[in-house]
Amino acid sequence: MLVSFFFALREGGLKVSITEFLTLLELLKKRVICFDVEEYYYLARACLVKDEALYDRFDRVFSAHFKGIEQSFGPAGADLPEDWLRKQFELGLSEEEKARIQALGGWEILMETLKKRLEEQHERHQGGDKWIGTGGTSPFGAYGYNPEGIRIGQQGSRHRRAVKVWDKREFRNLDASLELGTRNLKVALRRLRRFAREGAAEELDLPDTIESTAKNAGLLDIKMVPERHNATKVLLFLDIGGSMDDHVRVCEELFSAASSEFKHLEYFYFHNCVYEGVWKDNKRRHLHRTSTMDLLHKYSADYKLILVGDATMSPYEIHYPGGSVEHWNEEAGSTWMKRLLDTYHKAIWLNPEPVNRWPYTPSIQMMSELMEQRMFPLTVNGLEQGMRELS
Amino acid sequence: MSDKRFTGTDCYVATEDLTTAVNAAVTLGRPILIKGEPGTGKTQLAQEIARGLDKPLLQWHVKSTTKAQQGLYEYDAVARLRDSQLGDERVHDIANYIVKGPLWEAFELDKQAVLLIDEIDKADIEFPNDLLRELDRMEFYVYETHQTIVAKHRPIIVITSNNEKELPDAFLRRCFFHYIRFPDKETMVDIVEVHYPGLKKELLSEALNVFYGLREVPGLKKKPSTAELLDWLKLLLAEDVPPEALSSDDRRKTLPPLHGALLKNEQDVHLFERLIFLNQRNAR
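Protein chains in written order, with our numbering: chain A, 1 to 391; chain B, 1001 to 1284.
No lab work stands behind these hints: they were computed from the structure. Be careful, since some hints might not be right.
[What the hints assert, rightly or not] What the simulated footprint calls covered on chain B by chain A, stretch by stretch (three residues with Cβ under 8 Å from a Cβ of chain A suffice, anywhere in the stretch; the number is not a length):
#: 1; stretch: 1109-1123
#: 2; stretch: 1127-1134
[Unchecked claim] A short, non-exhaustive set of chain A residues, derived as facing chain B with CB atoms under 10 Å:
#: 3; residue: T23
#: 4; residue: L24
#: 5; residue: E26
#: 6; residue: L27
#: 7; residue: K30
#: 8; residue: V32
#: 9; residue: Y40
#: 10; residue: L43
#: 11; residue: A46
#: 12; residue: L48
#: 13; residue: Y55
#: 14; residue: I210
#: 15; residue: G218
#: 16; residue: L219
#: 17; residue: L220
Using N, Cα and C, we set each Cβ at its ideal position, and we do this for glycine too.
Construct the entire structure; sequences and hints are all you get.
This is the structure in C-alpha cells:
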C-alpha cells in the first residue's frame, strides 16, 4: 500500500526520492506516530514534500489514494453492518458535480436529514444520490464524494470530521501554477541574480593575501578585490493600453518586483508591437518618444530583454508597414522585433493571456515564432521557465 | 535518544502538524527545515524545542557573507602570521589557531544539543551544498590538524528559511520540511493567551477583528504577522486602550490606535487611509 502511494506521488508530479521514502518507513517502524491517519498525513508530508508550493499537489494525491482506507487505521466503531459500508467502487465525479454537492447545506441540516433518512431506509443501498450507502453522491455513507458528508462507520479519525485536512486543500494558494503576487514574482526574478565582482577593489582577499604572503617568504602582501553585487542588466518593454487593460495589475506587480530586484533596469512602454519609437511616460507618449534605434545603440548586448504583452492584435500590425493602429510606421513590426532580437540574444516574451487561449489567436502564434518560441505565460511557473531561458 | 516528545511549551503554541514534524526530526536525528511568513515564530521554535526537551541551544545566524566553513571551524591565519613575526611560541602548533564554529561545538557536547541555523537562504547559493555531508553523516574533517570530528550525539538541527533563495534538491532530501501556516483565529487566541494571560476578552476579540481585517486588505506590501500582533497588544495594554476604541464603527473613521506596530511602511498606511476614506464616502 505504501509503495503504491510512493508511485502515486511520483505520478502526481512530486519528485519523491527513494531515500526520503525509506526515511518515512524508518519513522513508521520507530512508532513515531500512533495509528492515526492524520498524524500519518503530517509525517508523510514532512518527509516527502520539501516545498510549500507542492503541498496542494500532495493533498490531492493523498486524498485520492487514501480515500476509504482511513478505516484500517483505527477501530471501526460502526453500528451498521460492516459489509454494508464496504467500498465497492471508486468515484470519478467531475468538478461541476462536486461543486453542486458542496452546496447541500450546513452540518445541522445534514444531521437532521440523516436522522430522517435512517428512519425511512431499511435496506442496503449502494450508489445513487439519496440513500445512505456507499459510492454515491449522497452526503451520507462512505467513500463517496461529498466534501461536507457524514461518514458512517469511519470514525477512525480523532477529529471525527468528514472534511479531512487534506481535503480542505488549504495550500491551494501556494501552488506555483496559479496567479502570482509581487512576492512570488520577486522570488522568481531572483533566479536571474548573477553576482559578479565589478568596480573598485575595496575588500581584503584573505586567501589570496595568505598565498602571496607565503610566496613572499612571510612578508605581508595584501591583496584586495572588488565587492560582489548583482550585475544582471535588464531591459523591460511593457505593452500598454488596449487589450492590455485587463492585465494592468499583473504588469504593475511584475514591474514593482523587477525594479527592486535589479540594479540596472531600464523600462519602456510600447503599444501592441514594438516600432521605431517607445516611451517612458505613458501620459506624454506622443511628446516624448525614444527612438528604438537609439536604444539598440545605447544599451549593450549583454542586457537581457523582457517583453511583456498579450500579443493580441491584428496580424497586419506585425507584418505590414503602416499596420500600426496608432500611427504610420515606415517599417513593419516584425522588422523591429528582429532588430531587437539580433542585438539582445537573451530575450523572452511574457504573456499574461492564459496559455490555452494562445492557439486561437494568430498574432500570438506569429509573435511566438518571431521570438523563436521563447514566449512564456505570466505565471510563477512561466516566469521561472523564462528566467531559466535568460540565465 | 530521548523518549520525550515535543508538544510545545508554556509559551509556544505548536500545532499538531508541527509537533509531528519536529518529533520525526528528533527521532531520526535529522535536520528540520522550517519555512513560513516572517514573524510566525520560526526562530523561536528552536529555542522552544531546546527548552521543552531540556537541551542546550546553539545558534548560528547566517548572513549574506557567511561561508559554510565558518560553521565548522576557522583557521585564523592572520593571528598566526602576527605571532610568527613576533616570534611567539604558540605559532608551532596550528591547533592554537583553529577557532571552533557552532557545528563543531554541537558535535562535541556530551549531551544532545539543539542547533539553530537561522535564515539559511540569506547565504550564498552554494552554502547548503557545502553542508551536505556534515548534516548527513554529522562529521567533518579538519585539514589543518588531520582529524575527523564526529558528533557524539546527533544534534537536533533546526534550519529556518524565508524563501529568498531556492535550496538545492540534494539538501532538501536530507531534511524534514515544515511550512508554518499563518495561524487561524482559534490558534491565535491560544497564542495570545499564552503571551498575555487574562487579557480582557472584549479587547482581544476586537483586536483580532482589526488584525484579521487588516490582513484581508488587498495590496498590502507587508501583511502584519503574529509577532506584530503580540507587539501591538502589548502597546494596547500599556496604553490601556479600551476595547470600544477598536470597534468597527470607529475603525471606519480612523486608523486603528497605535497602527505603527502593525503597518510597517508608509505606502501601506497610505493605502489604508485611502480605503478608510472610500469607506466613509460609501457610508454617506
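**Prompt:** Of the hints stated earlier, which fail here?
**Reply:** 1 and 2
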